[in-house]
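Visitor: The chain contents come next:
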Amino acid sequence: MFQGFAEESAMNWWTALFRRRRYEDLAISIEEHIALKAEELMETGMSREDAERTARRAFGNRTAITERSREAWQWPFLESLWADVRYALRQMRRNPGFAAVAIGTLALGLGAATALFTVVDHVILRPVAYKNAGRLVQVLKSSKQFPAGVEPEWTDIEQWTKQSRSFQSIAYWTGMGLRNFLVREPTSVEIRGTRVSTNLFATLGVRPELGHDFASSPGSNAGTAIIGDGLWRTVFGANRNIVGSAIRINDKTLTVIGVMPPGFEFPAVASDLPQVWTPIDPAADMAASQKQAEGSAAVYYTALARLRPGVTLAAAQTEMNVVQGRVAAQYKDADARKDQVGTVIAPYASTLVQADVRKALLALFAAALVLWLIAVVNVTNLLLARATSRRREIAMRGALGASRGRVLQQMLVEGLLLSGAASLLGLGLSIASVKLLARQLKDHLPLGAPPLMPDRWILLALLAMTVLTAALATLWPAWMSARAPIEPALRQGGVQAGTGRGQHRLRGVLVSIEVAMSLTLLVSCGLLLRTIYALRQVPLGYRVDHILVARLDIPRYRFTGRDITQTLYQPLLARVQQIKGIQAAGIMSSVPLSHGFRVQLGLVDNGKMLTAALKVVSPDAQRVFGMHMLAGRYFTGDDTPSSDAKVVVNRAFARAYAPDKHDPASLIGMGMWQLKKDRPLHIVGVLDDERSDSIAESSVPEAEVCTCQMTPDIGLYNIASASMELAVRTYLPEKDIVPQLRSIFRQAAPELEQADIATMDQIVADSYGSQRLAARLLEGFGAAALLLCVAGLYGLLAYIVAQRTHELGVRIALGAERGHLLWLVMRQAGAMLVGGVVVGAGLAYASARLVRGFLYGVKAHDGWTLAAAAACLLACGLVAAYLPARRAAGVNPMEALRAE
Amino acid sequence: MAKNTERRDLFPGAMEIMILQSLRQRPMHGYGLVKHIQQISEDMLDIEEGSLYPALQRLLREGLLESEAGVSTKGRPTRIYRVTDKGLKHLEQELSSFERMFAGIIRVLRTAQA
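Heads up: the sequence lines are chains A and B, in that order.
The numbering of the first sequence is the numbering used here, which starts it at 1 and goes up by one.
The numbering of the second sequence is the numbering used here, which starts it at 1 and goes up by one.
These are calculated hints, taken from the structure and not from any lab test.
Values in this document were obtained by computation on a predicted structure and should not be read as measured data.
Where a beta carbon is used, it is the ideal one built from N, C-alpha and C, also for glycine.
Wrong hints could be hidden among the right ones.
Stated by the list, open to error - Only part of the chain B face toward chain A is listed, based on derived beta-carbon distances under 10 Å:
id, residue
1, L56
2, Q57
3, R79
Unchecked claim - Restraint ranges, calculated between C-beta atoms of paired labels, are given here:
id, chain 1, residue 1, chain 2, residue 2, range
4, A, P96, B, E62, 25 to 31 Å
5, A, P488, B, L109, 51 to 57 Å
6, A, Y87, B, P77, 35 to 41 Å
7, A, A58, B, Q25, 47 to 53 Å
The following block holds chain A by itself, in its conformation from the complex (with noise of 0.2 Å):
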C-alpha cells in the first residue's frame, strides 16, 4: 500500500521510463467505463448525479481494482524490497549516531574476522597455487631410528617410480647451494636456485610461459635453466627474446629454455629472491658423488609425487610401504636392510607448516571470530532498544495491512544494509592491518605475508559472513516486532512499563554473554603477556648488550680454489678488529638465536652414539659474547693449523657424555673424533650452557671449533665457510659504526654490502616474534572487546533507566534515599557483570588449551591471570555503571512525574 502512495506522488523515474503509458492506458480505459454506464443510466431518466454514483458503484472498488491491474506491469517482491532499502536508508540519515555506532562495531568484528581468515587462507587453506594441489604428496623414507622420515636416495626414487602403481609421476628436488647469485654487470642479483627433476613442473601442473619445460630425458639438457617470471620481469626488462639467451648462474654459464608463468613459486618459502630452476642428471650427480666420498656414492632428493586419479592417500601408504620393503631388501648395507622398510607420505601442503604453527594461527583466528560474536551481541542489543521505540510505527503499518512477513523483511534489509556497510568498512581495516603487520606475518609465518588484495574467494567468505551478520543481528528483534501485538501499542499514552521487565532481562543476558567471551580473550592476551615477560627474564648465558651481529653469506663460487678463511674472513676480522671503539670481534658459523647455518654432528665413539651442534668459532668470539667458562680454556691466537685440534664443548654436553657427570673438568684433554685423518681433536674447555635455538628450549649439546685450525683440506671447511655471522661488541651508536663495518664488506666482497646488520637485542626479540606478534593481537581483540563490553552495559543501564525514570520519580517523591537508587542501578550492572565473569571464566578455562602451544613460563589454567582479567572487566563496567546510576539517583521527582 505504501508503494502505491509512493508512486502517485513521486512518480519516480522507472515508473515514468517503462510503465506511464499503460497506467495511463488503464485510467482511461477505466474512465471511460464510468463515464458510458454513467451516460446509459442517464439516457434510462437518472439524474446525473445518481447516475455517476451508481455507475461507480456498479463498477466496484476503483482503487482497489486499480491498482490489482497494475500489479501485471510489478514485480511486487522486488519494489517491496526497493521500498525497504529506501526506508532503511532514510531511517539511517535520520539516527546517523545510531548508524555509526553500529556499523563501526560489526566493522570491528568482521575486520578481525576478515583479516586473520586472509591469514589461515593464505598459510593453511591455500598454501600453494598448483593444479589439484590437494593430489600432490611428499614422499619420504622412514626408519626404526627416524620413524618421522628421511629424504630417500637417487635409487630408492628410481625403483619406486619403476615399482609404484600409486601415483601418475614422481618427482624430486633439492637445493643449489647456500647463496646462488645472477652474475652481471654492474651487480650480480641474488637469486633463489633449485635444481629439479625433469618432470617436477608437469607433475605439479605448470608449464612455463614462455618457451618450454625441460625434456625428459635428464641427459640432454645439460647447461640449460628456466627462469621465474619476477626475474624476467625485473631483470630482463621482460625481453621476450629471453629464450636461447645465455645468462651466468654462479660460475656457470646457461642457456634459457623458459620463463614460468607469474606468481609461481616453487618450494614455497617465504622468500622475496627471484628464482631460477635448473635440471637435475642424476647419473652426473652421481658421478660426483662417487669421486667426492670414499666409497659410497650417495645423493639424496626431495620427492614429491601425484597420487593417480582414485589412489587414496591411504592406499598409496599400504603400497609404498610394500615397496620400499622389496627395495630395502637390495641394499648393501646390512643395518639399512632391517631398519629402512617403510615410507611416510603426507600432503605436500600440509609440509610447509608445521601443526603447531596451524594450531597457533587457528586459535588466533578463533578470537578473532569471539571478537565477532561480541560485536553481533553488541548489535543485537542496540537493535532491540530500537525496534522497542519503533513498536508504535511498526504497530501502525500492521494497522494498515502490512503482513508479519513484510515486517520481518523490513528489518532484514535494514540489518543488510547495516552489515553490508560494516562489511566494506571492515574490509579496508583488514587490508590496512596485514599491511601494518606484513613485515611481523612475513619474518615469522612460514610463507610469508599474505598478499594485500583479497581475492574472490576471500570476498565471498565476507559475503557470506555478512549475511550471517545481518540474520543474527536481526533474528531476535525482527521476530519480536513482528510478533508485537498491534492494539496496544497504537493505544494513546501507551504506558512504557509495557516494554516489560522480561525484555530487559533478556538484553541484561546478552551484555553477560559479552562480558563472558570478552574474559576469555583478556585472559588469553594476559597469558601471552606473561608469556613474554617471563621469556624475557630467561638468562640466556651470554651477554646480549652492546652487540651488533652482521650476516656474512658469501658467494662460494667466487671463492672457488681459494682458502676462503685466510683470503676473506681473517683479513675481514682484522680490519674490523681495528676500528676505533670496538671492543672485541668474532665470527661464528652462527650466533645464538639467529637461526643461522648450523650443522648436526653425530660420531660412534666407543660403540656410544654422541650427537653435538657443531659451530665454527673465532678466538674472540668469547669476548663479544662474554660467555662463561665452567673449566679449561677457550680458544686462543696459540691455536693454529698446525697446532693441536682443539674443542670447546658445552655443559649440556658434559652432562651427557663426561666420564663424570658432575664434574665438566673431566672432560678436559679428552679426545673426541678428529677434524681430519691425523688431526684428532681434543677437548680444551666447557662453557656454560647458553640458549641457542630458542630461548624457551634449554640447551642441547654443542661443540666449537676453531676458525683459526680450519685448512681446506679438512672436510668440515665447506661448513665454515659457507656461512658465518660476525658480531662485534662495541659502546659506540649503531649509526656511526654500520657505515664502517659496510665500507669494509664491500673492500672484502661487494655482494656483503648488502650484509644484514641487526643489534642483538632485535635479535632476542625476534626470536619471539611470533609470540610478540600473538599478543600483540590479543591486545587488539582484548581492548577491542573491553570496549564493546562497557559501551554496551553503559547503553543497557542508561536505556533502563531513562525507561524507568517516572517509577524512579515516584519513588523518591515517596520517600526512597537517593544512596539507594544508586545503589538500585548499580546492583543491577553488578549482576550483569558478575553472571558474565562467571561464565566466563569456565570458558577461558574450556578455551585455555587453544593457546597452550604459545605459552612459556606461565600455565593455560592459570589463576592470576584470570582474576586479574575478571578485576578489570568489574573495574571497567562499574565505572561505566556509575554514570546512569548517578543520573538515576538525581532524578528530579517533579519533572519525571510530569512527563509521562
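Position chain B relative to chain A; hints supplied.
Guide: Showing chain B alone in chain A's frame:
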C-alpha cells in the same frame, strides 16, 4: 464473491478465454467488452464490472492483446483492445483444452446419472 451456490466463482482462466474470444470477434473498448459478455451470457454470469480490468492488463502484459489509442465518436479518449496472433494461438489451445475438460466432466456426470 458471495459463497452462494447459485453463483459460483469462475475457474481460473475462464475470464481470460472469454475476453480473448470476445475480442476476436471484434476489437472493443473496456466497457464495450463488459457489455458484450453480459449480453451474450444473458446474465447467467455475475461478473463485477471492474474485475475485467486486472485480467485485461495481464493479457496485455503477456502479449496476447494489444491496446490502441483512439478517440471515440463523442471526442472522449479511448483505448481499443485487439487480439494478437499469439493471443489467437493461445485461445485455440485453451478452447480445445477447455472443451476436452468439459466433455470429460459431462461424460462422468452422464454415466453417474445412468
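Visitor: Are the hints correct? Go through all of them and say.
Guide: Hints, verified against the model:
1. For L56/B, the shortest C-beta to C-beta distance to chain A is roughly 7 Å, which falls under 10 Å, so the interface hint holds.
2. The criterion of a C-beta within 10 Å of any C-beta in chain A is met by Q57/B, whose closest approach is roughly 4 Å, and the hint holds.
3. Annotation: R79/B was flagged as interfacial toward chain A, and the flag holds, the nearest CB pair being 5 Å apart, inside 10 Å.
4. Look at P96/A against E62/B: about 46 Å separates their beta carbons, and that is not inside 25 to 31 Å.
5. Between P488/A and L109/B, the C-beta spacing of about 55 Å keeps the proposed range 51 to 57 Å intact.
6. Distance hint check for Y87/A and P77/B: the Cβ-Cβ separation is about 37 Å, which falls inside the suggested range of 35 to 41 Å.
7. The hint said 47 to 53 Å for the Cβ distance between A58/A and Q25/B, and at roughly 24 Å that hint is violated.
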